[in-house]
Amino acid sequence: MTRLSTTFARPHPAFVAFITAGDGDTAANLDALVAGSADVIELGMPFTDPMADGPAIQSANLRSLGKGTTTADVLQIATEFRARHPDTPLVLMGYANPMIRRGPEWFADAAFNAGVDGVICVDIPPEEDDALGPALRAKGIAPIRLSTPTTDAARLPAVIAGSEGFLYYVSVAGITGKQQAAIDSIEANVSRIKQSTDLPVAVGFGVRTPEQAAEIAKVADGVVVGSAFVDLVGEFGEKAPAKLQELTAAMVSAMKAAKA
Amino acid sequence: MTENKPNSFRTQPDERGHFGDYGGRYVAETLMPLILDLEREYRAAQADPAFAAEFDDLMKHYVGRPSPLYFAERLTEALGGAQVWFKRDELNHTGAHKINNCIGQILLARRMGKTRIIAETGAGQHGVATATVCARFGLPCVIYMGAEDVKRQSPNVFRMKLLGAEVVPVTSGGATLKDAMNEGLRDWVANVHDTFYIIGTAAGPHPYPEMVRNFQSVIGTEAREQMLERTGRLPDLLVACIGGGSNALGLFHPFLDDADVKMLGVEAAGHGLDGDEHAASLLGGFPGVLHGNKTYLLQDEDGQITEGHSISAGLDYPGIGPEHAWLKESGRVEYTAVTDNEALEGFKLLCRTEGIIPALEPSHAIAAVADRARQMREDEIILMNLCGRGDKDIFTVAEKLGVEI
Chain A
249 MTRLSTTFAR
259 PHPAFVAFIT
269 AGDGDTAANL
279 DALVAGSADV
289 IELGMPFTDP
299 MADGPAIQSA
309 NLRSLGKGTT
319 TADVLQIATE
329 FRARHPDTPL
339 VLMGYANPMI
349 RRGPEWFADA
359 AFNAGVDGVI
369 CVDIPPEEDD
379 ALGPALRAKG
389 IAPIRLSTPT
399 TDAARLPAVI
409 AGSEGFLYYV
419 SVAGITGKQQ
429 AAIDSIEANV
439 SRIKQSTDLP
449 VAVGFGVRTP
459 EQAAEIAKVA
469 DGVVVGSAFV
479 DLVGEFGEKA
489 PAKLQELTAA
499 MVSAMKAAKA
Chain B
4 MTENKPNSFR
14 TQPDERGHFG
24 DYGGRYVAET
34 LMPLILDLER
44 EYRAAQADPA
54 FAAEFDDLMK
64 HYVGRPSPLY
74 FAERLTEALG
84 GAQVWFKRDE
94 LNHTGAHKIN
104 NCIGQILLAR
114 RMGKTRIIAE
124 TGAGQHGVAT
134 ATVCARFGLP
144 CVIYMGAEDV
154 KRQSPNVFRM
164 KLLGAEVVPV
174 TSGGATLKDA
184 MNEGLRDWVA
194 NVHDTFYIIG
204 TAAGPHPYPE
214 MVRNFQSVIG
224 TEAREQMLER
234 TGRLPDLLVA
244 CIGGGSNALG
254 LFHPFLDDAD
264 VKMLGVEAAG
274 HGLDGDEHAA
284 SLLGGFPGVL
294 HGNKTYLLQD
304 EDGQITEGHS
314 ISAGLDYPGI
324 GPEHAWLKES
334 GRVEYTAVTD
344 NEALEGFKLL
354 CRTEGIIPAL
364 EPSHAIAAVA
374 DRARQMREDE
384 IILMNLCGRG
394 DKDIFTVAEK
404 LGVEI
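From first to last, the protein sequence lines are chains A and B. If you read the first sequence in our numbering, its first letter stands for residue 249, the second for the next number, and so on. If you read the second sequence in our numbering, its first letter stands for residue 4, the second for the next number, and so on.
These aren't lab readings, by the way, just hints derived from the structure by calculation. Just so you know, not all the hints are guaranteed correct.
[Claimed, not checked] Below, in silico cross-link-like pairs of lysine to aspartate or glutamate (EDC-like), each with a Cα-Cα straight-line distance of 20 Å or less:
(1) A/426 <-> B/190
(2) A/315 <-> B/394
(3) A/315 <-> A/273
(4) A/315 <-> B/303
(5) A/426 <-> B/197
(6) A/315 <-> B/304
(7) A/315 <-> B/305
(8) B/164 <-> B/394
(9) B/154 <-> B/394
(10) A/491 <-> A/321
Just so we're clear, the structure is a prediction, and the values are computed from it rather than from any experiment.
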């Protein structure tokens with residue numbers, strides 16, 4: 249059992265929380281997400297050109313890079329998180345270029361040493377898996393792929409093959425933090441995916457409120473929230489941890505109530 | 004005795020869109036099915052004589068092709084070396100080579116039933132060309148343009164608006180071409196069902212680099228025939244400027260297997276390659292992944308993309324088409340770089356010797372031509388792609404020369 253599989257084996261849907269590394273007091277913010285009972289942490293690696301992200305996460309990337317955050321800083325944040333929270337799965341999410349700059353093996357080694365459980369790379373589709381996937385698998389790090397409303401039946405097997413940890417269903421064809429998809433569409437797509445794989449399916453993009461999280465929790469194995477947290481970090485700065493913990497707790501309790 | 008022929012340089016990319024280690028399809032999953040669909044449709048169009056016929060007809064009667072091949076006699080005399088010839092793509096409708104590619108892509112968009120066009124633009128030439136073909140075919144169009152470039156290129160912004168395009172200034176990042184491309188990709192990912200993205204250079208995810216190169220190859224195909232007809236021989240050296248690299252590939256590609264024809268790509272050295280203010284991805288960058296393809300990029304040691312600088316807004320993209328990355332590593336094409344000041348000298352030289360006001364982009368190539376011509380014999384021939392006219396740049400040049408207009 250890995251930290252990810254243990255987490256998704258629990259009876260309640262997993263709550264996956266995203267923040268951008270180096271934006272605000274990241275260690276304190278991560279601790280707040282765990283204190284609020286987040287099940288999985290997604291730590292965003294800042295990038296100058298976050299093509300798949302909406303304004304909220306774009307701003308977080310710029311704030312972080314503006315403070316001089318480096319890849320070494322991101323890995324240090326992960327290492328220290330792992331020391332404080334030995335059981336909470338930690339996933340790095342970001343774009344290909346910062347991940348492969350020093351070579352995929354270098355990155356996989358560094359992520360392994362930092363206690364990272366999985367990696368989501370937005371711009372490496374199955375067709376370009378060679379660029380990073382083999383290096384991650386060799387170190388036992390789960391390459392977590394994205395499936396989207398445009399991923400048709402013909403493509404789905406290729407997306408699933410080589411995915412580990414969980415599958416991230418992107419509920420809208422669009423960028424992060426924008427509109428949310430109709431629950432009917434989410435339910436239909438998640439059930440279609442689950443017919444083809446035993447991997448847990450977590451749903452993200454556009455999920456901002458406990459009510460939305462609760463709706464999705466009824467039909468999926470996990471719910472991912474990012475932009476709503478990142479907005480709190482942007483708005484409240486050093487005072488963000490209390491707000492993050494509050495929103496996390498509200499999301500988790502709404503999800504548990506919905507599933508019960 | 005059997006001759007050992009070298010492998011062809013004209014068979015790239017492979018079926019995955021890779022030019023050696025470069026190119027590929029590094030896009031978000033949402034776009035992947037669309038990219039595959041685009042490739043299928045493009046292959047079908049390539050196999051359809053009616054598609055080629057419509058493209059050729061528009062090239063002739065709307066764009067004004069073939070563009071002339073011109074012997075620059077006074078420039079040649081002034082330089083005192085090799086003969087300098089120009090492929091006059093600045094005489095095309097809209098004033099640059101960009102229109103060749105836009106005609107090809109809008110025909111494909113129409114074939115695919117897409118009803119909305121988006122594009123990014125730097126100097127505004129691709130934006131104007133896209134707005135032009137959208138007006139011609141009656142399709143709504145949104146042009147993303149860095150807010151900095153909107154300021155630098157106000158005449159082109161006005162042109163696009165006259166043609167009915169919506170111009171969206173992009174303020175994220177450094178507010179230049181790469182940020183406009185990010186915004187174009189964000190729009191596309193949210194509007195995949197009805198939108199066609201007309202990428203302006205031979206970069207982006209496969210099949211764009213190959214497709215744009217093929218549409219632009221009309222330049223080199225014509226030039227090769229014209230040169231043979233006029234001089235009975237092939238040129239000794241081809242020269243073209245490079246931002247993303249589409250005008251250079253358009254000229255070079257049809258000559259790649261002519262072993263005796265040397266080729267020189269000219270990047271923008273801005274204030275000089277020894278500092279950070281340049282846009283020479285090949286000479287001053289490292290391989291990486293951005294905007295859907297693996298290629299040479301201006302970036303720091305952590306893979307963060309750095310801003311390119313050039314006097315020419317059309318050259319300050321921090322990447323380059325992946326085929327150039329491969330041509331560099333294979334050694335088939337030589338690459339050099341020319342500074343802002345050298346380009347300005349090239350600009351003035353052409354104005355005064357030939358009565359042609361070039362765009363600042365090919366002014367970089369002119370500076371390189373001046374340098375090479377002097378080192379070559381009088382019976383040798385240089386062929387340069389004069390890929391754009393300079394009307395759009397007179398304000399930038401005036402400012403640089405300290406003249407108020």
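Structure-based check of all given hints:
no.: 1; hint: A/426 <-> B/190; in the structure: holds, 12 Å
no.: 2; hint: A/315 <-> B/394; in the structure: violated, 41 Å
no.: 3; hint: A/315 <-> A/273; in the structure: holds, 12 Å
no.: 4; hint: A/315 <-> B/303; in the structure: holds, 15 Å
no.: 5; hint: A/426 <-> B/197; in the structure: holds, 19 Å
no.: 6; hint: A/315 <-> B/304; in the structure: holds, 16 Å
no.: 7; hint: A/315 <-> B/305; in the structure: holds, 14 Å
no.: 8; hint: B/164 <-> B/394; in the structure: holds, 17 Å
no.: 9; hint: B/154 <-> B/394; in the structure: holds, 16 Å
no.: 10; hint: A/491 <-> A/321; in the structure: violated, 24 Å
Violated hints, in rising order: 2 and 10; the structure is consistent with all others.
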